[in-house]
Each structure stands twice: as C-alpha cells, then as structure tokens.
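> The residues making up each chain are set out below.
There are 2 protein chains.
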Amino acid sequence: MPARNEPEEVSRLARAIGSGDRTVLSRAITLIESKRADHRRTAAALTQALLPATGKAVRVGITGAPGVGKSTTIDALGSMLTGQGHKVAVLAVDPSSRRTGGSILADKTRMAHLANDANAFIRPSPASGTLGGVAAKTRETMLLCEAAGHDVVLVETVGVGQSEIAVADMTDFFLLLMLPGAGDELQGLKKGVVELADMIAVNKADGDNIGRAKAAAAEYRAALHILAPRSPNWSPPVVTYSALTGVGIAELWAHILDHRKKLEASGELGARRGEQRVRWMWTMLEERLFAPLRSDRTLKAALPRLEAEVAAGRLAPAAAVQEIADMLGR
Amino acid sequence: MPARNEPEEVSRLARAIGSGDRTVLSRAITLIESKRADHRRTAAALTQALLPATGKAVRVGITGAPGVGKSTTIDALGSMLTGQGHKVAVLAVDPSSRRTGGSILADKTRMAHLANDANAFIRPSPASGTLGGVAAKTRETMLLCEAAGHDVVLVETVGVGQSEIAVADMTDFFLLLMLPGAGDELQGLKKGVVELADMIAVNKADGDNIGRAKAAAAEYRAALHILAPRSPNWSPPVVTYSALTGVGIAELWAHILDHRKKLEASGELGARRGEQRVRWMWTMLEERLFAPLRSDRTLKAALPRLEAEVAAGRLAPAAAVQEIADMLGR
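These protein sequence lines are chains A and B, in that order. Residue numbering for the first sequence follows the numbering used here, beginning at 28 and increasing consecutively. Residue numbering for the second sequence follows the numbering used here, beginning at 28 and increasing consecutively.
Derived from the structure by calculation, the hints contain no laboratory data. As the structure is a prediction and not an experimental result, all values here were calculated from the model. Among these hints, one or two may not hold up.
When the alpha-carbon atoms are kept at most 20 Å apart in a straight line, the in silico DMTMM-like pairs for lysine to aspartate or glutamate are as follows [said to hold, decoys possible]: (1) K83(B) / E350(B); (2) K62(B) / E350(B); (3) K289(B) / E278(B); (4) K327(B) / E350(B); (5) K62(B) / E33(B); (6) K288(B) / D144(B); (7) K62(A) / D178(B); (8) K83(A) / D178(A); (9) K83(A) / D65(A); (10) K241(B) / D196(B); (11) K83(A) / E336(B); (12) K327(B) / E295(B); (13) K327(A) / E313(B); (14) K327(B) / E313(A); (15) K289(A) / D178(A); (16) K62(B) / D353(A); (17) K62(A) / E350(B); (18) K62(B) / E350(A); (19) K83(B) / E336(A); (20) K62(B) / E314(B); (21) K62(A) / D48(A); (22) K289(A) / E302(A); (23) K83(A) / D353(A); (24) K289(B) / D196(B).
A few chain B residues that don't get close to chain A, going by computed Cβ distances all over 12 Å [claimed, not checked]: (25) Q75; (26) H140; (27) N260; (28) R341.
Just so it is clear, CB atoms sit at the ideal spot from N, CA and C, and this is done for glycine as well.
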C-alpha cells in the first residue's frame with residue numbers, strides 16, 4: 028500500500044478501522060508486519076492517529092505447555108465472551124512461526140467456535156527473525172484491534188525462549204494453564220513463568236481427573252505462597268476448570284475482572300500500562316538499532332563466526348564487539 | 028595513556044600484567060573504565076592479548092540485602108583463601124556508584140583484613156550511567172585480574188535493578204546471603220534472585236541467633252525444593268555460618284569447590300562460560316549501539332520528554348521510535 032500522501036492515507040485507514048472495517052484492519056496489520064521502511068512509517072503514524080481509541084480492552088496473556096489445551100480454552104472462553112456481547116481478538120506470539128504456516132497458536136482450525144464467530148478476530152503470530160520483532164508487531168496489532176472495537180484481547184504464547192515475559196509485558200493479566208499432574212510439573216516449568224502468573228488454572232478437571240486436578244491445584248497453591256506476589260493488591264489464585272465441559276470457564280473470567288477492578292482502584296493498572304509502554308519503546312528501539320546486523324551482508328556472514336570464536340574462548344567478547352563496530356562504521 | 032604504537036603498547040601492558048604488576052593492572056583497569064574510544068580500543072586489544080591467561084579462576088558472585096554482612100563475609104572468606112595461598116580479587120557491580128565515592132561495595136574500609144593483604148586486590152564498582160556499562164567493565168576487569176594471577180574472583184553486588192542477574196551471568200557460582208529472619212524474608216526478595224542462587228547462606232548464626240538461623244535455613248530449603256534447580260548436577264544447599272566468628276566459612280568454600288568439581292566433570296562449566304561469553308558480546312554490542320542516544324545532545328534532551336509522553340499514553344511507542352530513528356538518521 029504505497030502512501031503517496033501519507034497523512035491522508037493514514038486518516039483514511041484510521042477512519043475505516045475505527046468504524047470496525049475488518050478488511051482494512053487486516054490490511055493495516057499486514058503493514059505492521061512488513062519489513063519495508065515506508066510501511067513501518069505509515070504503521071507508526073496510524074497507531075498514533077488511533078491512540079485515543081486504544082487501551083480500553085481487557086488484555087489477557089495465556090500460556091501453558093503444549094497439550095494443556097490452550098486452543099480449546101481460548102475457544103471456550105472467547106465464545107462465552109462473544110455470547111455476552113464482547114468483541115474478542117485472539118493474537119499470538121510465536122517466535123518459531125514461519126510465513127508458510129507452522130504455528131499452531133491462534134489457529135482457527137483449533138478454535139472451532141471462534142473461527143466462525145463474527146465477533147471474534149483471530150490472527151496468527153507474525154513471522155519474524157526475533158522474539159523482539161514478533162512481540163513488537165503483536166503489540167501494535169493489539170492496539171489496532173482495540174481501536175477497531177475489540178474490548179477483549181487474548182494473546183497466546185507457548186514456552187519458547189522469553190516469549191512468556193514478552194506476552195506478560197503487553198497484557199494486564201497473565202494466565203498460566205497447567206495439566207492435572209503433580210507438583211513436580213511446576214518444577215519443570217521455565218524459571219520465571221510461575222512468578223509472572225496472575226492465575227494458575229488447572230485444565231481437564233473432568234471425569235476421573237477431577238481429584239487429580241484439585242490435588243495439583245493444592246500443590247501449586249503451596250508453591251505460589253512461597254514466591255512473593257507481584258502486586259500487594261492481588262494474590263494469584265489457583266483454580267481448576269474444564270475447557271471440554273465448560274465448567275469453571277465463567278469463573279476464570281470472574282477472576283480476571285476481579286483483578287482488573289482491584290488494580291484499577293489502586294491505580295496500579297494505569298501505572299503498569301505506562302511502564303509497559305515505555306519498555307515497548309525501548310525494545311522497539313533496540314530492534315531498530317540492531318537491524319543493520321541482520322540486514323548487512325558482510326555482517327550477517329561474519330556474525331556466526333565471531334559468535335563461535337567467542338563461545339570457544341578464542342576471541343575476547345570486547346574484541347568481537349570492536350570488530351563488529353568497525354564493520355558498522357561506528 | 029595515548030597509544031602511539033598500539034600493538035607495542037598492548038604487548039607492554041600485557042607482559043606487565045601477566046607478571047603480576049599491580050600498578051599496571053590498576054592503570055589498565057582505568058583504561059577499561061574510560062569513555063574514550065581510543066582507550067576502549069586498547070582495552071579490547073589488551074583483553075584479547077591476555078585471553079589465554081584468563082579463565083582459570085573460581086568466579087563467585089555474592090549478593091544479599093544491605094545489612095546481611097556481605098563485606099564481613101568477603102573479608103572472612105577472602106582472608107581464609109589468601110591464607111591458603113590463593114590470590115583473591117574483589118570486584119563489585121553497583122550501578123548507583125558515582126565517581127566521587129558513594130558505593131559501599133568492594134569497600135576497603137569495610138574489609139579490614141583484606142585491605143591490608145598483599146594477596147588481595149580490591150576494586151570498587153566502576154561508575155557508569157547504565158548497569159550494562161558497569162557490568163561490562165567489571166567483566167573485563169575480572170579477566171585482567173585473572174591474567175594477573177588472581178585465582179579467586181569475588182564479585183559483590185546488592186539488589187539494585189537487574190544487577191544480580193548481571194553478576195550471576197559473569198560468575199560460576201552465585202551465593203545469596205540471608206539474615207536469620209523467617210521464611211517471609213525470602214518472599215520479600217526480588218523475583219528471580221532465589222532461583223539464581225547456587226547456595227543460600229544464612230549469616231549471623233552465632234550466640235542467641237543460632238536457633239533462628241537454623242530455622243530460617245530450613246524454611247529456605249523448603250522454598251528451594253519447589254523451584255527447579257538450575258542444573259541437573261547441583262541442588263543448591265542452604266547453610267548457616269557466622270562471618271563474625273568464622274564458623275561455617277570453610278564449609279562455604281567447600282561447597283563452592285564441590286559445585287565446581289561436579290560442573291567441570293559434566294562439561295557444564297565450560298558450556299556455561301561459553302554461553303556467558305556470547306551474552307557478554309551481545310550486551311556490550313547493545314551498549315555500543317545505544318551510545319549515541321546518551322551522547323547526542325539533541326537526543327539526550329528529547330528522550331525524557333518522549334519517554335514521558337509515551338508513559339502518559341499521549342505518544343504511541345512506535346511513533347516515538349520513529350522520531351528517535353529520524354533524529355539518529357537511521
């Protein structure tokens with residue numbers, strides 16, 4: 028979408044998105060996901076133009092090991108919400124995502140109800156070389172979705188690298204889904220994920236598993252007690268539910284709203300979002316400053332060798348940095 | 028120290044440091060801490076020249092809340108080690124450090140024995156604007172100290188920002204010192220510090236406090252059990268000791284050596300150091316790429332305003348980044 032007169036183009040896009048035009052929303056998201064500098068500039072201007080219309084959604088990050096039932100949970104929760112009159116956007120951060128498919132996050136084929144729901148908008152993870160790049164695009168996409176009228180945004184991720192931290196840093200509430208295993212499942216988790224959680228929800232509390240699910244919940248509760256809560260106004264609850272039967276889904280949302288109410292009352296939600304915005308700025312800036320390393324052909328060729336030499340202890344890190352800086356001309 | 032013929036200058040410095048010349052070591056560290064580009068280049072070349080002489084030390088990071096007795100502990104431990112024939116370097120990472128004093132870390136006045144010990148080298152934290160900058164200089168300083176013959180390096184930090192993570196990422200063993208309070212002291216700790224620890228040592232296990240210290244140790248042990256250990260080859264022990272009486276100090280070192288033996292045998296130590304070196308490279312590169320933001324006068328003036336506008340929700344992060352990139356000409 029070449030922008031011959033950018034301010035006009037941006038106004039046009041902003042108006043269409045604000046009126047809920049889903050086609051334009053999708054095109055604008057493609058702008059965000061583009062690598063072209065002119066697209067990037069238009070996307071930034073568009074976000075700025077739509078800024079007053081953003082921020083009103085409940086933003087929930089959802090993570091859990093493969094097989095825990097994230098898609099089924101999002102489908103059940105999302106459908107309950109659209110049934111209540113909400114407009115739900117489902118996004119994803121998956122750094123392993125590739126252009127030609129491969130990411131199973133925010134996958135319509137795994138969310139049978141939402142995929143056919145006019146009040147749900149599902150967008151798979153952007154493909155990108157870095158987590159920082161993927162997260163940045165997802166955040167901008169979230170803002171556009173909010174401006175388009177979505178008042179609930181669910182951002183799905185899976186435990187790859189630092190993706191949970193990135194998703195927790197763009198949402199108001201971070202939900203960790205667990206299977207009804209024993210306490211050692213918690214130990215198997217990546218460091219830091221448990222402490223990010225505003226709630227732990229044990230899925231598959233149905234049929235013969237109900238007892239195991241409740242026992243697991245009790246163990247997770249004990250573990251959470253040891254770790255300091257992130258806010259003085261919120262103690263992360265541990266609950267059980269079943270995405271299959273729907274039991275407990277409404278309670279999940281009730282907890283999310285309770286959290287929101289408490290954090291809005293204390294001013295913490297606003298403060299947290301402000302801090303998130305500033306971190307977004309610095310992260311995007313870092314991506315921008317590092318871009319030449321990924322696009323410059325000489326550097327791209329040299330970097331793996333330099334990294335290997337440093338890893339092997341043959342090249343001092345400081346000396347490697349000097350070489351790279353010289354190649355960059357800085 | 029202008030380097031008219033840099034390779035000669037570097038060789039001269041390298042030889043002097045390798046022979047244990049403490050005066051030259053101090054001057055070289057000043058090079059490392061300098062902001063000048065020529066000094067930085069010389070420092071990088073010096074580190075490269077000395078690289079084969081580095082890496083042989085036991086590197087221990089030490090943290091704990093103010094008042095826990097870090098200085099007394101380092102003094103007691105360091106003195107025991109020099110008494111055994113070791114050469115001990117004491118460094119510090121304190122991002123709040125200023126040129127005209129102010130940091131109480133690696134402070135000779137608080138380490139009465141080591142300050143007068145010919146086999147101990149104490150260097151306070153470099154002063155710097157950023158944690159990344161301070162950590163980078165401390166790491167390079169550590170390498171020079173190792174090349175100068177120090178076979179034990181203790182890096183002290185206090186819980187400011189991400190400094191513990193930085194210190195854990197430059198050492199082989201991360202020691203967390205605690206007071207003999209109850210389990211809720213652990214909860215009061217910053218997220219992530221507990222999981223970084225390779226050992227928790229409860230100080231002030233002397234006189235009437237012995238019982239409390241042991242009770243606290245038991246609670247910390249229970250907490251550690253919930254959190255997954257960082258290595259399959261090491262379960263972080265929780266011990267009590269007294270920096271005042273010296274009881275338990277020898278055991279601290281025995282645990283550190285035990286850890287080293289196990290991780291060397293499994294190859295984990297070498298792998299960990301290789302990964303650390305690569306992260307050092309990227310962190311230093313990031314510092315380098317961000318430097319124009321800190322030195323360019325227009326940008327330095329604009330950044331606080333941009334950050335405030337983003338925090339307040341009036342300026343979209345993407346738009347702020349576009350402005351900064353335009354100012355940088357990138």
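> Check each numbered hint against the structure and report the violated ones by number, ascending.
1, 2, 6, 7, 9, 10, 12, 21, 23, 25 and 28
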